[in-house]
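Q: Chains as they are written, first to last, in the numbering used here: chain A, 1 to 111; chain B, 112 to 227.
Because the hints were derived from the structure by calculation, they are not lab data.
Please note: incorrect hints may appear among the correct ones.
What the hints assert, rightly or not - Not everything, but these chain B residues come out facing chain A in the computed CB check (under 8 Å):
(1) K151
(2) K152
(3) L154
(4) F201
(5) Y212
(6) F218
(7) G219
(8) N220
(9) G221
Ideal placement from N, C-alpha and C gives every residue a C-beta, glycine not left out.
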Amino acid sequence: RKEVEQDPGPFNVPEGATVAFNCTYSNSASQSFFWYRQDCRKEPKLLMSVYSSGNEDGRFTAQLNRASQYISLLIRDSKLSDSATYLCVVNRVSNTGKLIFGQGTTLQVKP
Amino acid sequence: DTAVSQTPKYLVTQMGNDKSIKCEQNLGHDTMYWYKQDSKKFLKIMFSYNNKELIINETVPNRFSPKSPDKAHLNLHINSLELGDSAVYFCASSHGAVSSYNSPLHFGNGTRLTVT
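Only chain B is shown next, with the shape it has when bound in the complex (with noise of 0.2 Å):
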């Protein structure tokens, strides 16, 4: 029944470990997106995919590498993990590949990851 199914749900790793998320939506959407949203709440995207092909990314580091299999798979794979990359990260997903009125985010119920 869910829609948008990330995993794992907590992520406790030690600095400079590789790790990876994955993200599986059932909506049959088109697009789909990372975002993280750190200590002070603020959301912000991070990549985007439409039908498997890379359409927005942002000024993120290149220790995060998404992989997009099929439209509806995208995961995410942080090498070499910092402190600074606790937050919480939501995978989303989208039918068009504009989010617009007609098509909202839905929203995977996020992963938490706790650098140490």
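With the rest of the complex left out, here is chain A (with noise of 0.2 Å):
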């Protein structure tokens, strides 16, 4: 089983859409918890941690369920600009900086 898993998509949807995207993590030990987003071709960049208690940041939601080890990441009002692959990340283990990476899940927004 790998430590983060995600499913690859593609998902695609309309423009205005909302989409929801989850992972889950295998180690219960895990501290942190991020969103990376990559566009093609291009480096991952954050896009947002996510706390227990849930955040948001504008267009996007992201929650974390400690119970059940899965996060999840909510793209309200999908622009064209939104496709890109998102990245679900934990840190491993707490304070080894060892960050592991699921293999992402592509989104793409149609008008």
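Both chains come to you apart, so use the hints to assemble them.
A: Right, here's the structure in full:
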């Protein structure tokens, strides 16, 4: 079983749609959680951190469920520019600095 | 202006050759990393250095040797290149020794290595 699992997609949605991605992680001792975004043939960039209480940044909402060991990302009112691969990232064990990346979920927003 | 820069951007070489990839960051970060992204898009950590000291060394063939002359530079040398080494190699840096909420990773733009 992979440490961080995501549905690779692709998710094809029309502009304006709401889309949600889930990610599961296997190590219950993981402490830090993130969503990174990677555009085609570019480097990953931090999209948002995921906090225990859930957090929102504009059209993006991230949630963490420690009991079930999953993380979600919700994108409302999708834009063409949201087309990218979204990487779920987990700190394997606290204080080691070793981030584990999921395979990524590809989103294509169509006009 | 570039935060994390790595060179070259593209590298095409033959099996058996030795090559190096250079990385420099001007963010003042203490920790630098090398990640490998394979054809299936999995990003896997290879090495991590904190203030020039190796702190993470994943199961990587010893043909791969990182070198950190100072905390702003982390180079990757690869000996006897193999077909399976073809991938995109990303350098990254973070503020502390731990990638945490206060010190996210900043990636370079990648080196696309093709071994023929």
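Q: For which of the previously enumerated hints does the structure constitute a violation, in increasing order of number?
A: Per hint list: zero violations.
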